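Each chain, written out:
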Amino acid sequence: MDRETKCGLAVETYGLTKHYAAPGKKAKRLAVSDLNLEVPQQTIFGFLGPNGAGKTTTIKMLLGFTAPTFGTAWMLGRSTLDCLSREQVGYLPEQPYFPRFLTVLEVVRSHGVLAGLSWADARRKAAECLELVEMSDHEASPLSKLSKGMMQRIALASALVGDPKLLILDEPSSGLDPIGRKFLRDLLMLLRTQGKTIFLSSHLLSEMETVCDCVAVLSQGRLVASGRPSDIVQSDDSLEVRIEELEQDEDFACDILRLGGRIVANDRGLASAVVVPEAGLYRLIDLLRPRQARLISVAPRRETLEDAFVRLVS
Amino acid sequence: MLNVFRHIGVIATISMLENARKQIFHVLMLFALTLLACAVLLGRFGHDVQIQTIKDMCSAVIQISASLIAITLSVTGIPQEIEQKTAYPVLAKPLDRWEFVVGKYLGTMGAVAIGIVILAATFCVVLLGYAHTVDPGLLLVLPYILLEAALLAAVGLLLSTLASPPLAWFLGAFIYCLGSAKFGIYAYLTGGHEANLVSKAVGTAIYHLLPNLECFNFKEALVHHLPVPAGYLVQTALYAVLYTAAVLTVASYSFSRKEL
Ligand SMILES: Nc1ncnc2c1ncn2[C@@H]1O[C@H](COP(=O)(O)OP(=O)(O)OP(=O)(O)O)[C@@H](O)[C@H]1O
Ligand SMILES: [Mg+2]
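In order, the protein sequence lines correspond to chains A and B. Using this note's numbering, you'd call the opening residue of the first sequence number 0 and step up by one each time. Using this note's numbering, you'd call the opening residue of the second sequence number 132 and step up by one each time.
Next comes chain A alone, as it looks inside the complex (with noise of 0.2 Å):
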């Protein structure tokens, strides 16, 4: 089931729905739907969306670990019905679990086998991925003696090990230390400049703004936004100026009014805000100067993904 992949898609979903039957009722519940993704090769793919919005669904189906009601979904331009369409695919589950009387080099050994590698290669390359993930150290360690953490940097060298094209982590951030997160997020950029795909879906959205490339946002089984971090989050061409030991007036005020901006009083502190169109920043100086307000700081009001994400699901 080979096709022309449309311009270098890593994943592609046309229609995707799946419905799972819901206890004690006759209606479905619907866990996706109607999903329609185009993921670039090469880039970092954030799939966000709150609990429950169908994300760990959505991977299960590409994975073939469900087949989808509806819909169909292609991986590097094969059929996920294909089990070889997860040839060139590192997965890392959300709550990874491998045999713990295992040591940490037979389960990265054993992966890379199952990925396609020799036993001589297989050893070779989980040794490195090891070494990547900083985990070296452990490498004749049972999984048994491992912490949370540990046995996080251990599936993903698990998903690495077979040098996939795409690598789909489900929440690959959970139980790491700010450390840990730091340290995948490097990871994660210099997998992307070694041609590498990541499709991401995570919760923790002031990191996913940082690293990715494009994000989709899914509440409720359904897409409710898609494209780039900044094309997601709202920005106006406001300006919110912080402004400290400011006394305020009535006449003031209404300055502030007449040049369309407002005043946002004590949010931090001692701090006051003025959000002001760009035009008026430097009339609002001129306003501060006789009150002898000290100006903290002047930054471009634009909405943080957290913010849009919480505009878009609720």
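Among the hints, a few may not be true.
[Claimed, not checked] Coverage of chain B stretches by chain A, computed from C-beta distances (three or more under 8 Å per stretch; other residues unrestricted): (1) 147-158; (2) 215-226.
[What the hints assert, rightly or not] Derived lysine to any residue pairs resembling SDA-like cross-links, with alpha carbons at most 25 Å apart: (3) 216(B) - 145(A); (4) 147(A) - 214(B); (5) 331(B) - 309(B); (6) 164(A) - 226(A); (7) 147(A) - 148(B); (8) 313(B) - 355(B); (9) 216(B) - 226(A).
If you're looking for bench data, these hints aren't it; they were derived computationally from the structure. Quantities reported herein were computed from a predicted structural model and do not represent experimental measurements. Idealized CB from N, CA, C, for every residue including glycine.
Based on these hints, arrange chain B with the ligands on the given structure of chain A.
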């Protein structure tokens, strides 16, 4: 093709190591060894038939234990992997579900073989102790015990893809009992004057669908040094292999349709 062998090899090896570590396996082995000891103690009463009785009972103990271990390990193998989520990283690799099923099956059989070897070694030690010799002809029963266990493990694996492990275990044990007494049941249901159509149909269905486990039961002949024709041995082995392959095919199909 090479990849298929590698995949199955990895899954089977890990699964065998895992099965050999299971507590239930240790308990069943301990139980079997206790039964062997009991058989030896029982055989010591009558002085004349001592060795015959010991041979007879010990081989029966090995056969029943191997069958029970095969059913028990096979019905828990795949469901446990799914419940403990260890199956997901494996199934996300470029392999077909049938490779997973066959790998798990071979892993189970590896553990069963380990069990049989341990029991057989104990048996040989007992024989050496009492008779000062081990009759090589008698050891012929061991591969057939393994074949019977192989057939039952395939049945157990199929059942585990269809039902919960306790139910699958119960059904497996039931099939084991029915299969071991198939001719008797068939004769009972279809023979006699009052046999009606229903019981005839049931009897015939049982006869054709259930595994014929009686054909593995020639240990008495070996114990009593009666000849077992080579043709019979070949036919029985072939039967076991074909039945097992057929059941595994159905199990693979059933597992590949399963939602994980
Ligand atoms: N095996 C299942 N049987 C029935 N319903 C299911 C099953 N798996 C998931 N669901 C339902 O499908 C919906 C989507 O679940 P899914 O696990 O995809 O969410 P998610 O986006 O991954 O959430 P989270 O962020 O919590 O991981 C939920 O309503 C869930 O209850
Ligand atoms: Mg999830």
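### Query
Are the Cα atoms of residue 164(A) and residue 226(A) separated by 25 Å or less?
holds (22 Å)
### Message
Need the status of pair residue 216(B), residue 145(A): alpha-carbon distance at most 25 Å?
### Response
Distance ~17 Å between residue 216(B) and residue 145(A) Cα, so the pair holds.
### Query
Given the proposed pairing of residue 147(A) with residue 214(B), does the C-alpha separation stay at or below 25 Å?
Status holds; Cα separation ~19 Å.
### Query
Do the alpha carbons of residue 216(B) and residue 226(A) lie within 25 Å of each other, as the hint requires?
violated (33 Å)
### Query
Is it true that the CA of residue 147(A) sits at most 25 Å from the CA of residue 148(B)?
holds (24 Å)
### Message
Run the distance test for residue 331(B) versus residue 309(B): straight-line Cα separation, threshold 25 Å.
### Response
holds (16 Å)
### Message
Please verify whether residue 313(B) and residue 355(B) have alpha carbons no more than 25 Å apart.
### Response
This hinted pair holds, its Cα atoms lying about 24 Å apart.
### Given coverage of the stretch 215-226 of chain B by chain A, checked by CB-CB distance under 8 Å (3 or more)
holds (count 11)
### Task
State whether the coverage of the stretch 147-158 of chain B by chain A holds or is violated, taking the criterion as 3 or more residues with Cβ-Cβ distances under 8 Å.
With 3 residues closer than 8 Å to chain A, the stretch 147-158 of chain B meets the three-residue bar; holds.
In this structure, only the earlier hint numbered 9 is contradicted, and the remaining ones agree with it.
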